[in-house]
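Participant: Could you put together the complete structure from these sequences and hints?
In the numbering used here, the protein residues as written are 357 to 503.
Since the hints were derived computationally from the structure, they do not count as laboratory data.
Keep in mind that a hint or two might mislead.
Said to hold, decoys possible - 30 Å max Cα-Cα, derived DSS-like pairs, lysine-lysine:
| hint | residue 1 | residue 2 |
| --- | --- | --- |
| 1 | Lys428 | Lys446 |
| 2 | Lys471 | Lys458 |
| 3 | Lys406 | Lys367 |
| 4 | Lys498 | Lys487 |
| 5 | Lys446 | Lys471 |
To be verified - What follows is a list of derived Cβ distance ranges for each label pair:
| hint | residue 1 | residue 2 | range |
| --- | --- | --- | --- |
| 6 | Lys421 | Ser477 | 25 to 33 Å |
| 7 | Ser491 | Ala427 | 43 to 51 Å |
| 8 | Asp370 | Arg492 | 51 to 59 Å |
| 9 | Ser491 | Asn375 | 52 to 60 Å |
| 10 | Arg400 | Ile451 | 52 to 60 Å |
Quick reminder that beta carbons are idealized off the backbone N, C-alpha and C, glycines included.
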Amino acid sequence: WQIGVNEPIFKLNDDGEPNNTAGAPIYGQIQSFELTNIVIVVVRVFGGVKLGPGGLVTAYKAAAKGALEQAKIITTEIKDHYTLEFPYSKMHSVIRIVQSEKGTILEQVIENNCKMKISLSQSKSKSFEEKVAESRICHFKKIADID
Numbered sequence: 357w358q359i360g361v362n363e364p365i366f367k368l369n370d371d372g373e374p375n376n377t378a379g380a381p382i383y384g385q386i387q388s389f390e391l392t393n394i395v396i397v398v399v400r401v402f403g404g405v406k407l408g409p410g411g412l413v414t415a416y417k418a419a420a421k422g423a424l425e426q427a428k429i430i431t432t433e434i435k436d437h438y439t440l441e442f443p444y445s446k447m448h449s450v451i452r453i454v455q456s457e458k459g460t461i462l463e464q465v466i467e468n469n470c471k472m473k474i475s476l477s478q479s480k481s482k483s484f485e486e487k488v489a490e491s492r493i494c495h496f497k498k499i500a501d502i503d
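Facilitator: Here it is as structure tokens:
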């Protein structure tokens with residue numbers, strides 16, 4: 357299994373098979389397909405024929421690969437969330453920057469001192485932070501990395 361994106365956590369297990377003949381080939385397929393937030397379980401029923409280490413590696417790899425090729429893989433975009441605080445007079449400028457980075461306004465409070473919660477693609481975060489810092493129109497705080 358593997359979970360996480362930037363610093364994924366993973367675990368593999370040979371569950372009684374010789375070292376690195378089951379878990380490693382299965383995990384290799386997870387890496388090959390570039391997947392995360394995934395669990396693969398392979399059940400092998402002994403049929404009386406000893407496969408040997410090479411045969412086990414081939415069998416577990418093929419089982420994982422076959423399952424992944426037939427699986428419905430769901431792709432999600434990684435989002436960062438920010439809170440923004442700024443004077444009402446800067447509203448137009450803030451919205452222009454959010455829109456230029458294809459951000460989504462999730463919540464907003466419009467008063468003399470406005471507050472806004474936004475979501476944007478993680479790939480746009482650095483550019484967004486640079487634009488906001490350079491413009492000095494608002495204070496921002498990153499509050500979450502994943503939708």
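Participant: Sort out which numbered hints this structure fails and list those numbers smallest first.
Facilitator: Violated: hint 1 alone.
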